[in-house]
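Reading the sequence shown from the start, the letters are residues 0 to 239 in numbering that gives the first Met the number 0.
For the record, the hints were derived by calculation from the structure and aren't laboratory data. Hints are supplied without guarantee of correctness; some may be wrong.
In silico lysine to any residue, SDA-like type, Cα no more than 20 Å apart, as pairs [stated by the list, open to error]:
#1 K89 - L133
#2 K99 - G139
#3 K106 - V137
#4 K53 - N64
#5 K106 - N64
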Amino acid sequence: MTFIGKLLSYLNLILGLGILAWSTSEFALRPGWFEPIPERIEKGNDPVNFAMIKDEAESLARSANLASGIWGDNLKTLQASEKRRNDRRKELDRRLAWTKKGNPGDKAGAAFYNPLYEKDEAGKDTSYLDLTALGQPVIGPDARPLRGVDTLMTGFTDDVKEVERLALLNAKHRDAVLDLNQKVLVDDARLAAMIAVREAVQAELFHLATFEVNVYETRATVFRRQRQLSQRLTELGGAN
């Protein structure tokens with residue numbers, strides 16, 4: 000028991016001496032905590048004191064305040080930008096709906112408008128569309144404002160149906176024309192036959208008319224010759 004007590008005493012003495020040496024070195028090598036900030040710091044030295052810590056804390060506080068102010072301004076800018084984006088998105092969605100159904104507020108039913116751009120501080124056009132105003136309506140090939148896609152598709156479908164109806168009606172009329180052409184050909188053949196018959200009858204009539212004239216002329220000549228002969232016989236004293 001005496002040996003263990005002595006051993007512990009020696010260990011306590013050695014530990015105490017070690018703590019004393021450490022404390023002495025720490026006190027001797029302690030930084031100048033309460034010294035002012037040195038005007039010049041030599042290369043390789045890193046002095047630390049309360050004044051430097053305070054100055055650094057104040058500098059960091061100022062930087063934090065400045066960063067906080069910048070953050071607040073940027074937050075306001077971000078919120079304004081998000082509000083502008085949401086408003087523009089709503090307007091773009093509304094105009095996108097116009098491309099299908101047309102602008103309900105436009106009497107002509109226009110769906111597409113020429114773009115207008117926002118102005119910068121110098122009054123020049125930017126790359127941002129001005130969604131607060133409408134440009135002139137886009138004119139279609141029919142010299143009317145171009146309407147929505149659904150409206151045009153409905154009109155196109157109606158036009159296709161009308162074209163199909165007219166095509167069927169045209170085919171029906173073509174068939175009727177073909178029938179009429181056949182009838183015309185038959186009537187032309189009949190007319191040609193009638194004309195041939197008429198021309199033959201007219202030729203025969205002309206021949207008969209000429210023959211009748213010749214008969215009358217011949218008869219008159221015979222009668223005239225008979226009278227001459229009778230008169231001559233009378234002059235000669237012959238009997239009648």
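* To do: Could you grab the alpha-carbon distance between K53 and N64 and see if it respects the 20 Å cut-off?
  => 16 Å, holds
* Given hint N64 paired with K106 - CA-CA distance at most 20 Å -> 57 Å, violated
* Asked: Quick one, are K106 and V137 close enough, alpha carbons at most 20 Å?
  -> 14 Å, holds
* Is the straight-line distance between the alpha-carbon of K89 and that of L133 20 Å or less? -> 15 Å, holds
* Within a Cα-Cα threshold of 20 Å, do K99 and G139 meet the stated pairing? -> Holds, at about 15 Å.
Checked against the numbered hints above, the structure violates only hint 5.
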